[in-house]
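**Student:** Residue numbers (numbering that gives the first Met the number 0), protein chains in the order written: chain Y, 0 to 179; chain R, 0 to 112.
Any given hint might turn out to be false.
Label pairs and their computed distance ranges (CB to CB) [claimed, not checked]:
no. : chain 1 : residue 1 : chain 2 : residue 2 : range
1   : R       : I75       : Y       : R167      : 35 to 43 Å
2   : Y       : M45       : R       : G84       : 46 to 54 Å
3   : R       : I24       : Y       : F160      : 27 to 35 Å
None of these hints come from the bench; they were simulated from the model. Backbone N, C-alpha and C define an ideal beta-carbon position, used for all residues, glycine too.
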Amino acid sequence: MREVKTAWRLWWEWSPERIENWLEEMARQGWILFQVDVASLRFKFMRGEVNQIRYCTDYQENPGDDYFKLFKDDGWELVWAGAFGWYIWRKPYTGERPAIYTDKATMINKTKRSIKVAGSILLFYLLLFMLFFVLGPGLKTIEDNIRLTVSLSLAIIPPVFIFVQLIRYNRKLGRDRIRE
Amino acid sequence: MDSKRLRQKYLPMTETAYYILLSLISPRHGYGIMQHVEQITGKRIKLGAGTVYGTLSKMEIDQLIVPVAEEERRKIYKITGIGIGLLKLELFRLQELVTHGKQKMEEMTDAGS
Chain Y
0 MREVKTAWRL
10 WWEWSPERIE
20 NWLEEMARQG
30 WILFQVDVAS
40 LRFKFMRGEV
50 NQIRYCTDYQ
60 ENPGDDYFKL
70 FKDDGWELVW
80 AGAFGWYIWR
90 KPYTGERPAI
100 YTDKATMINK
110 TKRSIKVAGS
120 ILLFYLLLFM
130 LFFVLGPGLK
140 TIEDNIRLTV
150 SLSLAIIPPV
160 FIFVQLIRYN
170 RKLGRDRIRE
Chain R
0 MDSKRLRQKY
10 LPMTETAYYI
20 LLSLISPRHG
30 YGIMQHVEQI
40 TGKRIKLGAG
50 TVYGTLSKME
60 IDQLIVPVAE
70 EERRKIYKIT
80 GIGIGLLKLE
90 LFRLQELVTH
100 GKQKMEEMTD
110 AGS
């Protein structure tokens with residue numbers, strides 16, 4: 000019977016090395032990733048040979064066939080193609096550690112696309128928010144009004160957080176770019 | 000995009016953009032570019048697949064390069080007139096850097112001897 004291990008991880012676009020290094024460390028201990036699910040939070044590993052494997056996360060909206068072909072030509076194996084354009088690639092290596100991004104300009108461009116998506120989601124939330132205040136709560140009791148206001152205020156925290164973090168990350172990439 | 004905005008966007012060029020454009024003077028697919036650049040720079044520059052894919056997509060939109068064929072799901076690109084124009088401007092800039100650098104280095108050596 001094959002040995003399987005499950006782990007949960009919350010990961011963000013602005014710190015790719017954290018999830019990538021963790022997956023690499025798992026491979027070093029002989030745990031090979033074979034499935035990612037539950038909103039990309041649950042990782043399932045199979046017991047395999049101890050190996051040095053580089054994992055890379057990528058975000059692409061509607062990539063063409065040539066995207067997959069190029070990565071495969073370069074020796075990358077697609078481990079996971081998630082919803083919303085997220086991909087996890089891996090490649091066993093010895094010597095120099097490979098990477099899918101070797102420049103800052105492309106990474107900045109990629110993050111800019113995510114910022115647009117996050118920005119649209121945020122805008123949608125803000126519109127809902129405004130709609131609620133303009134139209135008036137229309138609820139009978141003050142308690143109900145307070146409850147709704149609080150939930151709406153809490154709901155807006157995640158999109159604001161993601162939007163702000165992505166912008167901070169791209170600024171950081173921009174500062175590093177001078178060394179390119 | 001007009002040529003002024005293209006110049007602002009691409010110049011000065013990153014090594015990545017420079018070598019990708021240079022490689023596309025002959026038609027090549029993405030992986031062909033990676034191999035070519037690694038070879039001509041004596042393995043100094045190894046371009047990542049994501050970097051090549053992202054740069055090619057951007058350059059195709061800006062019409063610096065154009066797909067000319069497809070071979071087993073690999074898109075083959077070639078540089079356009081716009082791309083060559085930008086490459087020439089960059090080469091001119093690099094030549095200026097080298098000329099000034101050499102001058103100053105020679106002055107330094109002359110003063111030292």
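**Student:** Now, for every hint given, state plainly whether the structure supports it.
**Tutor:** We went through each hint and held it up to the structure:
1. For the pair I75/R and R167/Y, the supplied restraint of 35 to 43 Å holds, since their beta-carbon distance comes to about 39 Å.
2. Distance hint check: the CB atoms of M45/Y and G84/R are about 53 Å apart, consistent with the given range 46 to 54 Å.
3. For I24/R and F160/Y, the hinted distance range of 27 to 35 Å is not satisfied, since their beta carbons lie about 46 Å from each other.
In the structure shown, a violation is registered for the earlier hint numbered 3 alone.
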